[in-house]
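Peer 1: Spelled out from the first residue to the last, the chains are:
Protein chains: 4
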Amino acid sequence: MANKLTIGVLSSGGDAPGMNAAIRAVVRTALSNNIDVLGINNGYEGLINGDFHSMNERSVGGILQRGGTILLTSRSKRFMEPSGQRDAIRKMNEAGINALVVIGGEGSMNGAYALSQKDIKVIGIPGSIDNDIWGTNIAIGTDTAMNTIMEAVDKLRDTASSHQRAFLIETMGRNSGYLAVMAGIVCGAEVVLIPEVPTTTDEIAAAVEDAYKRGKTHAIIINAEGSGIRTTDLATRIDDLDVGFKTRMTILGHIQRGGSPTAYDRLLASRMGVKAVEALLEGQHGVMTGLKSKGIDFIPLLDVISNKRKVNMEYYHMTKVLAR
Amino acid sequence: MANKLTIGVLSSGGDAPGMNAAIRAVVRTALSNNIDVLGINNGYEGLINGDFHSMNERSVGGILQRGGTILLTSRSKRFMEPSGQRDAIRKMNEAGINALVVIGGEGSMNGAYALSQKDIKVIGIPGSIDNDIWGTNIAIGTDTAMNTIMEAVDKLRDTASSHQRAFLIETMGRNSGYLAVMAGIVCGAEVVLIPEVPTTTDEIAAAVEDAYKRGKTHAIIINAEGSGIRTTDLATRIDDLDVGFKTRMTILGHIQRGGSPTAYDRLLASRMGVKAVEALLEGQHGVMTGLKSKGIDFIPLLDVISNKRKVNMEYYHMTKVLAR
Amino acid sequence: MANKLTIGVLSSGGDAPGMNAAIRAVVRTALSNNIDVLGINNGYEGLINGDFHSMNERSVGGILQRGGTILLTSRSKRFMEPSGQRDAIRKMNEAGINALVVIGGEGSMNGAYALSQKDIKVIGIPGSIDNDIWGTNIAIGTDTAMNTIMEAVDKLRDTASSHQRAFLIETMGRNSGYLAVMAGIVCGAEVVLIPEVPTTTDEIAAAVEDAYKRGKTHAIIINAEGSGIRTTDLATRIDDLDVGFKTRMTILGHIQRGGSPTAYDRLLASRMGVKAVEALLEGQHGVMTGLKSKGIDFIPLLDVISNKRKVNMEYYHMTKVLAR
Amino acid sequence: MANKLTIGVLSSGGDAPGMNAAIRAVVRTALSNNIDVLGINNGYEGLINGDFHSMNERSVGGILQRGGTILLTSRSKRFMEPSGQRDAIRKMNEAGINALVVIGGEGSMNGAYALSQKDIKVIGIPGSIDNDIWGTNIAIGTDTAMNTIMEAVDKLRDTASSHQRAFLIETMGRNSGYLAVMAGIVCGAEVVLIPEVPTTTDEIAAAVEDAYKRGKTHAIIINAEGSGIRTTDLATRIDDLDVGFKTRMTILGHIQRGGSPTAYDRLLASRMGVKAVEALLEGQHGVMTGLKSKGIDFIPLLDVISNKRKVNMEYYHMTKVLAR
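Residue numbers (our numbering), protein chains in the order written: chain S, 1 to 324; chain Y, 1001 to 1324; chain D, 2001 to 2324; chain B, 3001 to 3324.
Possibly wrong hints are sitting among the right ones.
[Said to hold, decoys possible] Below are the BS3-like pairs computed for lysine-lysine, each with C-alpha atoms no more than 30 Å apart in a straight line:
1. K91/S x K118/S
2. K3320/B x K2292/D
3. K2121/D x K2091/D
4. K2294/D x K3308/B
The hints are simulated quantities; they were obtained by calculation from the structure and are not laboratory data.
Keep in mind the model is a prediction, meaning the values are calculated, not measured.
Next comes chain S alone, as it looks inside the complex (with noise of 0.2 Å):
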């Protein structure tokens, strides 16, 4: 006979908002079906040393709405090594858990992979603001992302035009132009410079300059932080080669990985947190819940991790066309 499960959830790697709703999902499903969850603190250290604990209803409640995570997360080096993987699989089966939920990055899902290698039933949950992990159409926290870059941008927009200005903004993604490109879309923006389209700043001043020369009241340039040109340098060089508006400068920085979730990071994250229990209850893991066109589908971690998800270059054409 199956043994009873024991679902263990954590989060880990760099928080987004969406997460405590999917964990809500994860205990509430679980324990409509009769299954026990543990809480595991601090990602894979808290699965290292042990650090759980039983959750009920109530210990999700009033959590939905909430930024972060209650689980809290980490880095772990430690989980990287292989003693660190067996120590945490130690403690799992001393508490009992013999099934686990892993809400992350690219990262956490590596590891949510490295155990299922060693027969642990793991699902993972996308979870990332810059929507940089493959198969899923988009993760949790990318769209709360980008509303927050949006009405930050929004309160440039008057003020901007106000003053004849043009306005420098630097969104997160280090490796993907996601998050920039969209926002571009979103808010207006006449540049955009993300990593995978490298530019020069003479080129960024020229197209300022154009839409200075087109009647634009202001511009707007989106640098993710990725980019290659910093932020600072690009500002000063923009204000040297005197282009028609005066430059200012915002780093968002973590300001993008808080703020209470949208309704769309809300729903996706509690649709893939009920599926993830699911799943497990009919057997499946080694996979993470994806957004496809047909709803929430599996795909195994091995392609997760193998895989290098790319920026939609009709997006990036779309920004220069209804920027005009």
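Given the structure of chain S, go ahead and fit chains Y, D and B onto it with the hints provided.
Peer 2: Just chains Y, D and B now, with coordinates in the frame of chain S:
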């Protein structure tokens, strides 16, 4: 040789946040392809009256973030008659408009289909805050409306917990429970009332009482306006039955139609606006843009108006599991 | 030698955003002066029941931005009786509480005064979203409520203009028109209905018709719940009279009580919390903190409960000039 | 017989949310008193160029909720010279403008005083997001800026707690610590750095380490741009010293100047706009409207520009008590 295109664009029916983003995308995509665009005021009513004006890149500057529609909208009774449609076509011919983009809801797509039957090249773009249009996963404005409801309910939660109260929130949705169900998931509602699932006040009172007994500090009840149960009546009834919580009522009304569009709605509207013009350029018409698994697709207007969108009951059941 | 102080703190009556900021300021100011603090749950009800718990710096961590009150609140009938007050004093003595901070509205100040008459050292802090407490320019929570109303009406404006509509918004204010008048100014309302100024539906309809004739694209009507005119009745009547605009209704309800407190409310609450403890240290009691010209002042509780705050009619007239 | 008044209105210097509300109040109050109003574009620069346009009630429709200023603004070097002022007066005479309302900051009040010395009837209205104008308790725009900072820091809090992090937030305030101190109170910052209180990176690091030891899950450090310590340098230094928290940086920039004005700013701006026109009607000029204990008062422009506003150190000390 084919005639050069001149596109007319109008918004019609109930307005939805993101319509301006769609108008902007239509205008700028057209202009970047050297196509002229005429804006039509007040929907089909303006089409009959020849209330047209030429649009350039600056006509749509600074509107991306605005709710409502700069082209205004109306519900036109005259256009439901053949004589109204005939007058509209005459005005279009006089102004040289040989293609039309119609942004609106189900009723607007009916009008678009009627024109397409009279050899007018029409493309529809779906805008509807309660997502009741067949042929697209989601319509422009729905995401913003969902977030508006959610933010209102989030405000109720803290005060609800402080006082041990039940809150009744009436949302839009005369024929469709979509908004109410989705809001139910993202707000963590204990009870959701929709047109598709008949229920009684006694059943609702029992569900609220059950939440009280389970130790909930408050209860959230979302009532779609077309559920068959009047919000005011329900409030009185629950208070009479004394279920543990005192009841308070909120009727959101047209707040759900307003506000600056979310990132999701701006992106969806921009994509649909771009694709609508590209489709006309490629000779396609008589269709509506629809968000499908593979991206923006084109759905025959006849199919759009011949089918009824149904609420996904899987989501309805999810509200019950997640609210435990 | 004077007894060492042990302060009890409670919130009572209707909750208001910023109450948590006041609790946090009381606790941390007390602790930094080596005074013990006991939190009292559920207002005067908890005082009677001896529902007390010791508070330290971490007890009030992370609550500054939360609406509602972590100490919960209630309206206590028992405390209105001498026997209830007697039991409360007994419980205070048993727990060693020899000074009390009461955060709440007019009714709560009545209770505070009653205790002060029985030789309990009490300081009141005014919290009320409709600013109906005499003795302070403004109470904690009013600024947040005003912004909540304003943001709701802002959402209505774009959609109103798109459709040529009149909007009826019902705000709180059973006895006081303060919120409605102030909201009228900051929302640019065409008509404001308050308890202090009796009016008829015909006068209102005439004002709306006048706005239509002057070329306004919409009309905003704000109705305090105690104005004497029911919102639902008014909506029907204006539509019957056909004044040019179609009418839509919003009842905000307890949304006005919720939400994260504004900067103004957090600042006001923090200042009042600090000053309340400092006053007790200096031997003052039987007073309420009040925002006055020179800063935070102390108003005898007897004066607070013996006077009625009146709406400033200058503001009422300002709504008429500004809405032209 | 006295000449009929014709009022010119301009905004100048850095824009601030609420300036449009002030313009609207000036225009509508003037018109309701049968006074003509000319809008002047681009501040003193437009005054010199005669860039004037007649304004009616509809000119200021729908601007109450908009950030920025519809009259645009600039910093005019020409106007600092007597020749520029002479040209401006000539243009005013040609257009029949015999009274001027100037909405702006300290520099703008200098210009207003210069004109008043040349027999022009001027009234100033203070607009400044960092509240650095002497003669008014608070200037238009400060409340909105404070809320913008607060909402940004609120977003950081959850993510900070999830990760045990310290956050550095750079706010405006080149010469004044007002915004930073007030933000410190309302955001619950552990450390506030302002121009008025010199400090060292080592002291800051010690304060952060102390917060870590006291059990805080995160630390918030607010740095006014004129504090003398560069935000980028401080971030590096704290990370080098290893105080327990990892550090992340946010530079808000002009986001603080933007956004829809809060209720407080709309109300203050409306009151000042109304009073400015009433004062001109009563023969007063050469003054600035100031919020004082008794309401809106009139402060001689000479006093305004001769005094320096100082930050209230009581608030600075309050940040230390409240952050325990």
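Peer 1: Are the hints correct? Go through all of them and say.
Peer 2: Status of each hint after checking the structure:
1. Proposed proximity of K91/S and K118/S is supported: the alpha carbons are some 14 Å apart, at most 30 Å.
2. A distance of roughly 24 Å separates the Cα atoms of K3320/B and K2292/D; the hinted pair therefore holds under the 30 Å criterion.
3. Proposed proximity of K2121/D and K2091/D is supported: the alpha carbons are some 15 Å apart, at most 30 Å.
4. Note on K2294/D and K3308/B: the hinted pairing holds, with a Cα-Cα distance of about 20 Å set against a maximum of 30 Å.
The structure agrees with every numbered hint stated previously.
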